[in-house]
Amino acid sequence: AQTVTQSQPEMSVQEAETVTLSCTYDTSENNYYLFWYKQPPSRQMILVIRQEAYKQQNATENRFSVNFQKAAKSFSLKISDSQLGDTAMYFCAFMKHGVRNYGQNFVFGPGTRLSVLP
Amino acid sequence: SQTIHQWPATLVQPVGSPLSLECTVEGTSNPNLYWYRQAAGRGLQLLFYSVGIGQISSEVPQNLSASRPQDRQFILSSKKLLLSDSGFYLCAWSVQGIYGYTFGSGTRLTVV
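Line order of the protein sequences matches chains A and B.
Throughout the first sequence, residue numbering follows my numbering, covering 1 to 118 in sequence.
Throughout the second sequence, residue numbering follows my numbering, covering 119 to 230 in sequence.
For reference, chain A alone in the conformation it holds in the complex (with noise of 0.2 Å):
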C-alpha cells in the first residue's frame, strides 16, 4: 500500500518570504499522479498543484511550484512572496494511475499548517 509523509506538522513564514512544506510518499508504482490541496480555515479543500510521475518537469501555478524528485520520492511545494491568505493547512496527496481511481488509490499526508506571519 502507498503512504504519504509529511514531516513537517507545523511551520510558520514570514509575509513576502519563501517556504517549502516537504512530503515523501513509498510506492511501488511507477505510474501515478501527486497533489498538494489547501485547507484554509473555511476547511474547504482546495487544489493547489498537480504533478504527473511520467513528467520530469516540475508543476507550476503562479507562486506555488513543487520539486519532484521521482527516484527519491519525494514531492516538495514551495510557496513564493507568502502571503496571509495562504495561512492553511497543505496536504500532499498520491494517486495510483489506473483506469478507475478511486477508494485506496487515493492517499493522503497527515498535512502541515502553514502560518503567515506578518
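Rather than coming from a laboratory, the hints here were simulated on the basis of the structure.
Some hints could be false.
Unchecked claim - Computed footprint of chain B on chain A, listed as stretches where at least three residues anywhere in the stretch have a Cβ under 8 Å from a Cβ of chain B:
1. 44-54
2. 87-96
3. 105-112
Unchecked claim - Restraint-style ranges between C-beta atoms, simulated for each label pair:
4. Thr60/A to Asp189/B: 31 to 41 Å
5. Pro187/B to Asp81/A: 39 to 49 Å
6. Gln163/B to Ser12/A: 18 to 28 Å
7. Lys55/A to Gln191/B: 30 to 40 Å
8. Gly145/B to Gln83/A: 23 to 33 Å
Note that beta-carbon positions come from the ideal geometry of N, C-alpha and C, so glycine has one too.
Given the structure of chain A, go ahead and fit chain B onto it with the hints provided.
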C-alpha cells in the same frame, strides 16, 4: 462547469439522534463520489466511496452508512449518532481521478 453542493454547513445533534448529510454534483455524469471525515486538527479519513448508483464501498466499519440513490447524489446517514461521530465531513467527486478530487465545502457536525 462542475460544482458540488454539500449541506448543511453546520449541524449540532444530540447523541442517539439520526443523521442525514447530502451531497450533490452538477455538470458531470457518472462521477466517483466520496465521503471523508476529518477530526479536529487531523488528516482525512475515507469513509465511503461509490462508483455508481447503488454501489457503495465502506473503508471503515462504524456507525455510519452511505447511499447513492441517484447518479449525482450521495448521502451519509446514521440511525443513532455517537459522540465520536463529531467531526468535519467532506464530500468529494472525481471523474478521471488523475485530475484529483473536487471537494464540497464540508459539514461541521457536533454531537452533544
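Hints versus structure:
Taking a C-beta to C-beta cut-off of 8 Å, the region 44-54 of chain A contributes 6 residues in contact with chain B, enough for the three needed, and the coverage statement holds. With 3 residues having a Cβ less than 8 Å from any Cβ of chain B, the region 87-96 of chain A passes the three-residue criterion, so the hint holds. Counting residues of the region 105-112 of chain A whose CB lies closer than 8 Å to any CB of chain B gives 6, which reaches the minimum of 3, so the coverage claim holds. The hinted range of 31 to 41 Å is satisfied by Thr60/A and Asp189/B, whose Cβ atoms lie roughly 36 Å apart.
Taking 39 to 49 Å as the suggested C-beta distance range, the pair Pro187/B and Asp81/A conforms, at roughly 47 Å. The hint said 18 to 28 Å for the Cβ distance between Gln163/B and Ser12/A, and at roughly 27 Å that hint holds. Under the hint 30 to 40 Å, the C-beta atoms of Lys55/A and Gln191/B, about 36 Å apart, fit the expected range. Against the hinted window of 23 to 33 Å, the Cβ-Cβ separation of Gly145/B and Gln83/A comes to about 30 Å, which satisfies the hint.
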